[in-house]
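Chemist: Spelled out, the chains give:
Protein chains: 2
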Amino acid sequence: MHSAVILLLCTGAIFFVRGEPVSEGDGVHPRSPRVKRAPGDTERDCTATPQYIPTTAKDTTDLLRRLREGMQSSSHFAGSIQAYIIPAGDAHLSEYISERDQRRAFISGMSGSAGTAVVTNDGSGGGKAAVWTDSRYFLQADQQLDCNWILMRQGEEDVPTIEEWLVSELGTGGRVGVDPQLVSIKLWEALEEALTDARIRLFGVPHNLVDDVWDDRPGPSQAPVFPLGLEYTGKSWEDKISDVREKMTEENADALVLTKLDEVAWLFNLRGSDVPFNPVFFAYAIVTTDTAVLYLDTNKVTDDVTSHLRLGCTTGASCVQVAAYDTLLTAVEALAADSTIRKIWISSASTTYAVFSKVPESKQILDASPVMKMKSKKNSVEQQGLKNAHIRDAVAKCEYLMWLEDAVPGGSVTEISGADYLQQLRSRQRDYMGLSFPSISASGPNGAVVHYRPSAETNRAVTTSDVYLIDSGGQYRDGTTDVTRTLHFGQPTDYQRETYTLVLMGAINEFLQVFKQGTFGIRLQQAARAPLFSYGLEFGHGLGHGLGSFLNVHEDPYFRGTEGVPVGEEGTFITIEPGYYEDGQFGIRLETLAMVKEADTKYHYNGRTYLTFEPVTLVPFQEKMIKFDMLNEKQLTWLNDYHRQVRETIGPELQRQGKDDVYDWLMKNTQPFETSRITSSGAQPVASVFFIVIAVVCSIFST
Amino acid sequence: MHSAVILLLCTGAIFFVRGEPVSEGDGVHPRSPRVKRAPGDTERDCTATPQYIPTTAKDTTDLLRRLREGMQSSSHFAGSIQAYIIPAGDAHLSEYISERDQRRAFISGMSGSAGTAVVTNDGSGGGKAAVWTDSRYFLQADQQLDCNWILMRQGEEDVPTIEEWLVSELGTGGRVGVDPQLVSIKLWEALEEALTDARIRLFGVPHNLVDDVWDDRPGPSQAPVFPLGLEYTGKSWEDKISDVREKMTEENADALVLTKLDEVAWLFNLRGSDVPFNPVFFAYAIVTTDTAVLYLDTNKVTDDVTSHLRLGCTTGASCVQVAAYDTLLTAVEALAADSTIRKIWISSASTTYAVFSKVPESKQILDASPVMKMKSKKNSVEQQGLKNAHIRDAVAKCEYLMWLEDAVPGGSVTEISGADYLQQLRSRQRDYMGLSFPSISASGPNGAVVHYRPSAETNRAVTTSDVYLIDSGGQYRDGTTDVTRTLHFGQPTDYQRETYTLVLMGAINEFLQVFKQGTFGIRLQQAARAPLFSYGLEFGHGLGHGLGSFLNVHEDPYFRGTEGVPVGEEGTFITIEPGYYEDGQFGIRLETLAMVKEADTKYHYNGRTYLTFEPVTLVPFQEKMIKFDMLNEKQLTWLNDYHRQVRETIGPELQRQGKDDVYDWLMKNTQPFETSRITSSGAQPVASVFFIVIAVVCSIFST
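Protein sequence lines, in the order shown, are assigned to chains P and F. By UniProt numbering, the letter at position 15 of the first sequence is numbered 15, and the numbering carries on one by one without gaps. By UniProt numbering, the letter at position 376 of the second sequence is numbered 376, and the numbering carries on one by one without gaps.
Simulated from the structure, these hints should not be mistaken for lab results. Check each hint, because a few of them may be wrong.
[Said to hold, decoys possible] Lysine to any residue pairs mimicking SDA-like chemistry, simulated, CA-CA at most 25 Å apart:
(1) K516(P) x V514(F)
(2) K597(P) x G540(F)
(3) K186(F) x S362(P)
(4) K634(F) x T612(P)
(5) K343(F) x E189(P)
(6) K247(P) x I341(P)
(7) K387(P) x H643(P)
(8) K373(F) x K516(F)
(9) K186(F) x I365(P)
(10) K363(F) x E189(P)
(11) K624(P) x G651(P)
(12) K627(F) x L636(P)
(13) K377(F) x G434(F)
(14) K247(F) x E156(P)
[Unchecked claim] The calculated label-pair distances, taken between Cβ atoms and stated as ranges, are:
(15) E361(P) x A334(F): 34 to 40 Å
(16) S417(F) x L366(P): 54 to 60 Å
(17) D338(F) x D211(P): 48 to 54 Å
(18) N606(P) x M433(F): 37 to 43 Å
(19) E246(P) x M433(F): 56 to 62 Å
(20) V381(F) x D158(P): 35 to 41 Å
(21) D158(P) x S427(F): 55 to 61 Å
Cβ atoms here follow ideal geometry from the backbone N, Cα and C, with glycine treated the same way.
Using the sequences and the accompanying hints, generate a full structural model.
Modeler: Listed below in structure tokens is the structure:
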């Protein structure tokens, strides 16, 4: 995948999981009785006397006191607020968050990627504090939170939602504050609705209260912004803006506000590195029928950027202005007040409530951003770039797999050292710009933790008696990669081979699909899940995601999609990544990037063309994990064709790079599987038996 | 199918198809120039001088004059209205409409099932009149409309939507009237929103203005209401009401208003015949935590009904009251005013605006009706009843197919005579209560008209040189049936066999699916469409629909479903009906009813069970239409298993009924297809050749 995205993107939903109001408690949920811990334990024990707090926990007593002072009275607003919500996100609702934006982690100490904190203020310096997070972070939370915090274990029974808890804590009336720059429109509206019945007001605090108490908050990123040439983007920013204006005309929009970092980067053919793993920079954009303004840290407007954007002009369709990042809200207010601007297009899914609330309802067009769709359909230059990046990425990956076959039996490889070595191999490839997400390098039971990421505490050896799963990807100037293969360096069990084969069959089924223009992902899921279902097995994550051209590793479309960006569009790239996870034992995932292209069909109903998937990731599947007798003939033919394509595409690149040993390894590992090995039809063995019987009978007679 | 439902149910959507405002015209749309017709033509010609109106058209001049008088001033409301919308539906948003409710057909003369009329009033006795309908009824409309009417050909370019036309006709301001008892909540809200910008008010006229001018309007149906015993329903109405109350408690609803006729009939285990084909009666119901009231024509409360409902009680959980049909709105108003009733549950999809508007927003629970879900999951008695009904139905169907093989070459069978004979055969089966929808009996090109229904004008002979499609079903006391088979009584072309086989492969693929509890239909479509797609072919209708237990032939779930009633629920019945339509040539559809049941899987992930489809329709597929070399082994095995099940289930019933000739026909037509015929894998023939070669060599040697 990596699969993290599926859970991350579900945070909004998890937020509203129903549950019963919780009784009050100190530190832990009272209905989950806890065993008393001895001092020295790694987890806190808030029920012990005295309470036990490990050294890994953050002392938040003073921070909370200062935060509550700000809630009680502030120069930024009149009156007091009774509760303050601290989300995990940034002002662009990004998946990866810069350190400067990790306010929830700062205030609570809990550094997991998902989670929301709420602090109440009883008006006399006291109150409660709670963190909602999901099962990935329960252990970590108990190591990092002190006893000022209640841990709300989302997904467990009787755990209240944030709004249920707020109602039970606040009773009726009062104000709940939140930074409107950090919540989506949908989240705000859901919160507001849930609180209305209790006559609690949701209040957009016009200043972040955590920032006030964050003395050593990191400064803004100084990472440079740089242009990406036409040889990578395939389309000038001028042409992109002109395309955007066309869509605006179709929707009768006079202005478009872009808030997603990757959308702004894509539109202007600029990249940066203000957040981890995604080559983007903090920015907004507003496009009108005759202006285009890029809002960013103006210190980052280097000569390169100035010349790329041809700054200095004052009017004209291709004239861009730059403005300071923090003037965006003022600019939106000005648009809202401008009588010549009738309709302002804001992206329904990715805009914060702060931006949304500046636009009066009569002027709103709330719809998916046009850039989201345009970005997902890659032009021919981007298509070739992504394919090329995947060829070089496959070189590194094959090198790694070959190395593992040697090194693992030696006993020196761990999840972390393996992932580090793979990163090193990738970094030697041309145009490498970094990892596209933290590598999931998982041995044995760790592979069954879908969102696993090795740490010093969990690091396991990669051995000859475990299944090993490696899900990783790189950023290259010409494309982003994301690939998963699962291997065994000893003797896999029959069950491991059976489940691996079911997962592989799912991937192949998906690649064999032919579908209509405009088909949404939701219709295309079952084929990949069917082999597992038919065995009474399943996996709980999404089937795959779109991926950027040297941009975010996760973007639309998704296979769960029912609207917005369809999978059925030529030039769309999407990962196909079925898996199977046996809790406490092993995990299997096979992730192969696909490009949507025209299918070669015998007929063309009403002159129509149909679509199918072409593999872009070219890394072999491990033969010893495959039970060939489970594959039908079409699946086997696909597999042989795929391995032939791997040989023919990656082979020459390996030779070009002078990696003869890897070339030999690749040739050995992409041999066609012979049809004679297939026994699924039953016909062949029966025939063979007949053949032998006849031959024997015949030899008896002829003697 | 019959497929009609798909278009019928889309009427709301078609209503809002975008188009450009139309210029004014007289009778026909001005941008579709028409050839001048000579008098005697079957279609009107409003551009001729004098205008040509066929005798089949209705003279609506006087009716429209009187209607406009009612729009200008009425005792039912103050002021005038400038336009009046006349929908095709009834107060229960039914699929099949009683004659008494066919107001649009009455006022315009156009009797097609789909279509909406709008009449404007210029204040001085004049105005315009227009009918929107889809391509099925374009010809019919031009035969039945006089030149007072503009025909709005939905789906053609530049045809305005109703609201676009209203805005262009009325300009700004004014009132558009509609009977709020005849429009859904969704339709009302969409209309209202579309008219708001032009400051046109949508006005719910509290009396139907067409009824005022309909002098010879048929009276209310006198058809009896009768109880359906436990041997058919499997659950008493008392238990059903108690289940409903449980769901109400879960949703915190104090009252539930049921407006769908089949929901009311199901809940009280009563049936009737007030509308064609559906065994329902005009009624509403309101259930509260301690009362249950059935609103119907009290003349229909016979002794049987009285005793079935144990009327006469005054209180108690199982005490039902009956009230007059037309007191429903008053009763809803009373609920709305009752301070002990906090929340009233109304079905979001199937309630009219008239009912909805009586409930203040603060009291509304707008959600799918709980009865819709309960009804779709059949209990064991209903399951067995549906299976038994399909066995007897298959007897009639097999008898018919055998008869056709003899009669068609004789040249005496037409679409209509064939369908009539099939109806006769069905009527001889036990517990037969009528057809479940008008039979689609279609020969040659008529089969490609998806919503075809033979009429005197279109009736074709069933011949040995045409493909014949028969889609029909019956109502039986123990279940409703709906089955389609496609046949050829001469020599089908290779293309006909190829497309038939693709459709069959789609059906088989669907039956082979294994899926999760709670899966919605949308995820399960692709498998059935995939074989056609892979050949560059497709069909444009839904894959299938739920079906009632001696109730409506169309009910939830649908394969297009994304929410509401899932397909993935044990005991759900749904048709699987892929098709292929070659315009002007032939149509293929294979419709087989399926029951959702637990799948037999090797494993059970986390203790879960998975689901699959079991065939309920047991009628053979025609061997000569199948290209066996296109089937893979799994598909062939399924087909042989299916035919074995047909033999073993329908065979004994044929013997029991003494139909030995049909029994012989069935045995002949359900022979297993031998594996040796399969050549798709290539393995078998190669093996056979080897076998022969060896045998020959061997015999040479042994001599």
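Chemist: Indicate, hint by hint, whether the structure satisfies it.
Modeler: Taking the hints in turn, this is what the structure says about them:
Using a Cα cut-off of 25 Å, the hinted pair K516(P) and V514(F) holds, with the two alpha carbons roughly 23 Å apart. Taking the CA atoms of K597(P) and G540(F), the gap is about 22 Å. The hint holds against a cut of 25 Å. The suggested pairing of K186(F) with S362(P) holds, with an alpha-carbon distance near 21 Å, which does not exceed 25 Å. Restraint check for K634(F) and T612(P): the C-alpha separation of about 23 Å stays at or below 25 Å, so the hint holds.
Between K343(F) and E189(P), the direct Cα distance comes to roughly 22 Å. Compliance with the 25 Å bound is thereby established for this hinted pair. A C-alpha spacing of about 16 Å is found between K247(P) and I341(P), which places the hinted pair at or below 25 Å, so the restraint holds. As the CA atoms of K387(P) and H643(P) are separated by approximately 16 Å, the hinted pair is consistent with the 25 Å bound. Proposed proximity of K373(F) and K516(F) is supported: the alpha carbons are some 17 Å apart, at most 25 Å.
Between K186(F) and I365(P) the CA atoms are separated by roughly 21 Å; this keeps the pair inside 25 Å, and the hint holds. For the suggested pair K363(F) and E189(P), the alpha carbons sit about 20 Å apart, so the restraint of at most 25 Å is met. This hinted pair checks out: K624(P) and G651(P) have alpha carbons roughly 21 Å apart, not beyond 25 Å. The suggested pairing of K627(F) with L636(P) holds, with an alpha-carbon distance near 23 Å, which does not exceed 25 Å.
A hinted pair counts as satisfied when its Cα atoms are at most 25 Å apart, and K377(F) with G434(F) qualifies at roughly 24 Å. Taking the CA atoms of K247(F) and E156(P), the gap is near 24 Å; set against the 25 Å cutoff, the hint holds. The hint said 34 to 40 Å for the Cβ distance between E361(P) and A334(F), and at roughly 35 Å that hint holds. Between S417(F) and L366(P) the CB atoms are about 58 Å apart, so this pair conforms to the stated range of 54 to 60 Å.
Here the CB-CB span from D338(F) to D211(P) is close to 52 Å, well matched to the stated 48 to 54 Å. In this structure the hint that N606(P) and M433(F) lie 37 to 43 Å apart at CB holds, the actual value being about 41 Å. Separation of E246(P) from M433(F) is about 59 Å and conforms to the stated range, judged on CB atoms against 56 to 62 Å. Taking 35 to 41 Å as the suggested C-beta distance range, the pair V381(F) and D158(P) conforms, at roughly 38 Å.
For D158(P) paired with S427(F), a C-beta distance near 59 Å keeps the hint of 55 to 61 Å intact.
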